[in-house]
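Protein chains: 4
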Amino acid sequence: MHDIVLVGAGRIGRIHARNAALNPRLRLAGIVDPMEGAAQALAAEWNTTVTTLDDALDDPAVAGVVIASSTDTHLEYSLRAAAAGKAVFCEKPIDQDLARARSAAAGLSDARLLLAFNRRFDPNFQALKARLDSGAVGPLESLQITSNDPSPPPPSYVAISGGLFKDMAIHDFDMARWLLGEEPVEVFASGSCLVDPEIGKLGDVDTARTLLRTASGKLCVISNSRRSGFGYDQRIEAYASAGMVRADNVTESTVQVWGEGGASADRFQNFFLDRYAEAYRREMDHFADILDGAPPSVGYADGVAALALAEAAAESARSGKVARP
Amino acid sequence: MHDIVLVGAGRIGRIHARNAALNPRLRLAGIVDPMEGAAQALAAEWNTTVTTLDDALDDPAVAGVVIASSTDTHLEYSLRAAAAGKAVFCEKPIDQDLARARSAAAGLSDARLLLAFNRRFDPNFQALKARLDSGAVGPLESLQITSNDPSPPPPSYVAISGGLFKDMAIHDFDMARWLLGEEPVEVFASGSCLVDPEIGKLGDVDTARTLLRTASGKLCVISNSRRSGFGYDQRIEAYASAGMVRADNVTESTVQVWGEGGASADRFQNFFLDRYAEAYRREMDHFADILDGAPPSVGYADGVAALALAEAAAESARSGKVARP
Amino acid sequence: MHDIVLVGAGRIGRIHARNAALNPRLRLAGIVDPMEGAAQALAAEWNTTVTTLDDALDDPAVAGVVIASSTDTHLEYSLRAAAAGKAVFCEKPIDQDLARARSAAAGLSDARLLLAFNRRFDPNFQALKARLDSGAVGPLESLQITSNDPSPPPPSYVAISGGLFKDMAIHDFDMARWLLGEEPVEVFASGSCLVDPEIGKLGDVDTARTLLRTASGKLCVISNSRRSGFGYDQRIEAYASAGMVRADNVTESTVQVWGEGGASADRFQNFFLDRYAEAYRREMDHFADILDGAPPSVGYADGVAALALAEAAAESARSGKVARP
Amino acid sequence: MHDIVLVGAGRIGRIHARNAALNPRLRLAGIVDPMEGAAQALAAEWNTTVTTLDDALDDPAVAGVVIASSTDTHLEYSLRAAAAGKAVFCEKPIDQDLARARSAAAGLSDARLLLAFNRRFDPNFQALKARLDSGAVGPLESLQITSNDPSPPPPSYVAISGGLFKDMAIHDFDMARWLLGEEPVEVFASGSCLVDPEIGKLGDVDTARTLLRTASGKLCVISNSRRSGFGYDQRIEAYASAGMVRADNVTESTVQVWGEGGASADRFQNFFLDRYAEAYRREMDHFADILDGAPPSVGYADGVAALALAEAAAESARSGKVARP
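Line order of the protein sequences matches chains V, R, A and P. Going by numbering that gives the first Met the number 0, the first residue of the first sequence is number 0, and it counts up by one from there. Going by numbering that gives the first Met the number 0, the first residue of the second sequence is number 0, and it counts up by one from there. Going by numbering that gives the first Met the number 0, the first residue of the third sequence is number 0, and it counts up by one from there. Going by numbering that gives the first Met the number 0, the first residue of the fourth sequence is number 0, and it counts up by one from there.
Excised from the complex, chain V in its bound form:
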């Protein structure tokens, strides 16, 4: 049983609080949030107390810190927690600025830091990777990652999001690296504003295609849109020498209606917290592994590498030229 403290009582923080509280290997020892009401409500819900980051880092009983605060604090809090000898669970992205993220290497490259790319913990994508790793379809050759949100965020969110590539596609860059088993060396991206003109006014795109190429010539296409029109569209197709493995979207139930128009399946899951509920549970469980001594399966260097790809994609979309991460 490891004591951990959660920093951030917002939407994603509440998910982590629940998963930590229900994990038999973890004890949720405190909640930190500048919004006192939010911290207190969450602490009450899970029968723990409100604390501060300083107190938590000073407390030798606290073994780990979960950082689910705003993006601009991820790097600083991670560095402080690592310096205090705590294991770190840090929400993605590690930072929005690649240079700053890279400069933290001294403080973080040896840290027991789990960078919470939740999709690596999704049962469907894990099953896909297991099939590939089993060798059943031969070596991977190319990859199609489809990652579309159900509907666009408000422009106010877009304005501080870091842009589609760093905010949304960063998950897909991490998936690409995870599955390709090789670093992309060339990035070409093309983006458009087709969904919401307000997004374009903010200098961002809402629809994009990104083409990654590794040194050995493996190819990966990432398709992103801020709006699918039908739900949370999260799919992967992995072409290998002897076949293809794919992970499909998740529906709300197995029910179908067969009528004059044909067979209609149930709706696709629409909300990322539903779609990835099990992934969030599993990544928290992996944090317990780390507190037990296991190395993080995804860490600081992965956060930097995904960010580098995101910056390269954004640069390519601007310049119309191939960029290198």
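Treat the hints loosely; a few may be bogus.
As the list claims (entries may be wrong) - Straight-line distance between alpha carbons at most 20 Å, and here's what the computed EDC-like set of lysine to aspartate or glutamate pairs gives:
hint: 1; chain 1: P; residue 1: 320; chain 2: V; residue 2: 195
hint: 2; chain 1: A; residue 1: 200; chain 2: A; residue 2: 314
hint: 3; chain 1: R; residue 1: 320; chain 2: A; residue 2: 58
hint: 4; chain 1: V; residue 1: 320; chain 2: P; residue 2: 314
hint: 5; chain 1: V; residue 1: 320; chain 2: P; residue 2: 54
hint: 6; chain 1: A; residue 1: 320; chain 2: R; residue 2: 109
hint: 7; chain 1: P; residue 1: 320; chain 2: V; residue 2: 314
hint: 8; chain 1: R; residue 1: 320; chain 2: A; residue 2: 57
hint: 9; chain 1: A; residue 1: 320; chain 2: R; residue 2: 185
hint: 10; chain 1: V; residue 1: 200; chain 2: V; residue 2: 314
Treat the hints as calculated values from the structure; they're not laboratory data.
Once you've looked at the hints, dock chains R, A and P against the given chain V.
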């Protein structure tokens, strides 16, 4: 190249005319129909002539006769064609009366007679049987045959149809025998009038379930309705000791629409002539095999056996008791 | 927050303990089990204490009792708990003996008793019922319930199980009643021993088909086997006047492998505790509703009615005749 | 009934011969092929005669010419047939050389020329386009075209093929134009040799991704490989503002096997002549429309435009830069 004559220029006769005319091993040498206009139109369409059954049977150049006339003529014409030494392609059913069908044994049991249970020639059901015969899933144990029409026929058709069990389920009794590899020895059926009260007034049912049991205890359920509400519903599930093989419905295309309500497939094929177009082609090709010397894969005895099951089912539905074919 | 006590620390009891402990509206106030070790281990796991049924019924703080002990105690414990004024969550079946179950009516018909037919709480079957209830496909006409276990239980279990109809099909009889909205008045069943000869030696069957018929002529087929060969096979097809609603099996993930042999989906869920994990959670949540004052959605009378159908089916399978529940 | 002459008795010529011969609106009046044996065999099969292109063009009874000869003759024969006043059915591509193809504009832009991009006539892709055109999912925004062969051709074929982009992807460029409803103005392509090193030695690629962008910002990705490992992989996903329409691969039957490993569908169709059998039939039927006076739905200009995109893609794959068609 074998000369054959078609008797019957109605809906199903036109299908057989086309398949015979386009089969490189057959020559459609004549059309017989009491409705002169129908015979002439069909003969013109396929560049052949109108003839009579007498002339066709007398003509030594005619090797085979396709009987697609009204049901009450099937038995008589088959007997005459067999007596004249012709190979016979006879539409199902062999007759509506079991005693009469059985009494024809002397004239037909050795005949080169193909009884046209078209579903045996459907590529999907053939693929299902091939999987079972391959042994990949072990011996068959039980069977679910679903066979629902898109929408009910007019009461005028029902009145002369012989009733749901002889008219519609007779195909399913044949499929059951074909797949079970063993004769059903007990039949229990329950029928209702849920679709069209006019059908009930005619003493018939429009919805039924029939349970067949073989001597070794294999079980088969046949589900019938005159109206599915969504298309032509023709499915089979075959449970074997190491798994299950199933054949599903056919859609009009592979297109799906993914929208807010979920994924919608294209419509199911609705019309039996579309659904079984390839089956009709293949059964005509099998008639060419027979003319080349092959034994019929399904013949007179199969027609009688299916009719016996249909009569037993109708009797069981009336009496509420198990019947024996 | 309602205090409840769990009776029975076996496999299903442990599921209920977990769901009660994690439900924010319930407090697991004690565990009862004659096997002291099992009770203590489960109490320790969920931070509660071991108690006795007598003490629990005497304790005014205990609002509800969850009965997950052996089947032969269900009726007695339910009566005692009801007499003590407790709300009752009773595992299925209410009893194996119909006469005995009926004779308990005086003590139980007004009880706040939830009979735990878990499938009514499965999200897939609930979604199916919601579609039917919405009227989108018109009134229900016939039903196909498929309910096959992955592999047969040991003969020692079969010997005390009450037989396939009472042990396994009882769930399906409840589903049939729930969905038909009308009581079956005729039952015909046919059973075979095709899976394990030891089951036959015990006088039981391992494969069965049961045909139910309501007064208005609605038809329902239940297909049961102790072994599917491919996983936990739990499906429903509900035919209505304007189409069909179906709930399909659940796979372990959305992953497919596309290879030379075609597309292969992931395995079907194999274990009932996985397949119905959410159903168990929801039925415990419904017990909290009852403790809050809601009427049970499924209770004593439903347990008796399902048992009556199971007895009728067993009788029909023996006699070869239609039976009435 | 229009008389047409077929030029080319090779594999694709034989398909066109069959479809012309079986089309009630066409009469196959002659076969032209420098390989006399091939011409005679095909003429015999369909009961027609061997002729020469000169004779055919001189014969006023000949209304149309089907050009299914080698690619290097397409342009010349089309020009000659058009000059002779014949309607032209020309196999794709119009030529391998863009400049030459463009220079033929004077002779062909007004010709009644059907450029045989067969996929436009596939029932699945037609159904997809019909859904888009119906407006049911709003305006198209982006497109994913997947087009992989089952297995690579021999290097000898690759050597004369014109390269992956002109030989294989040209179909996809035409599909993109057909569906986007707008011309792509930017092309970025990346190609690799991952399947067969011999293809690389010939200076070609066997795996590629191409990204097209239209003036309004619509995006299209084309995925190509010379080897899928599982069959003929021909799929489209069309994202629109209110959902997505997709056309999936075609399986050999609807049969599934459910076993311990899960559900396995039947194999995917493997051979392009099977997959597009109906498309070939429909495009020949459209040639009959043209002979009846209808304008070609796809013609010379489409052939040039697709070729321009193929050249741009090949150039981009060489240079690593965006190219313009």
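Verification of the hints:
1. For the given pair, residue 320(P) sits about 29 Å from residue 195(V) by alpha-carbon distance, which is inconsistent with the 20 Å threshold.
2. Using a Cα cut-off of 20 Å, the hinted pair residue 200(A) and residue 314(A) holds, with the two alpha carbons roughly 18 Å apart.
3. Taken as a hint, the residue 320(R) and residue 58(A) pair is broken in the structure, with Cα atoms around 56 Å apart against an allowance of 20 Å.
4. Note on residue 320(V) and residue 314(P): the hinted pairing holds, with a Cα-Cα distance of about 14 Å set against a maximum of 20 Å.
5. With a C-alpha separation of about 54 Å, the suggested pairing of residue 320(V) with residue 54(P) is violated against the 20 Å cut-off.
6. Of the pairs offered as hints, the one joining residue 320(A) and residue 109(R) is violated, with about 39 Å between alpha carbons and a cut-off of 20 Å exceeded.
7. Restraint check: the Cα-Cα separation between residue 320(P) and residue 314(V) comes to about 14 Å, which is no more than 20 Å; the hinted pair holds.
8. Distance restraint check for residue 320(R) and residue 57(A): the Cα-Cα separation of roughly 54 Å exceeds the 20 Å cut-off, and the hinted pair is therefore not satisfied.
9. Taking the CA atoms of residue 320(A) and residue 185(R), the gap is near 12 Å; set against the 20 Å cutoff, the hint holds.
10. For the suggested pair residue 200(V) and residue 314(V), the alpha carbons sit about 18 Å apart, so the restraint of at most 20 Å is met.
Going down the numbered hints, you'll see the structure goes against 1, 3, 5, 6, 8, while the others check out.
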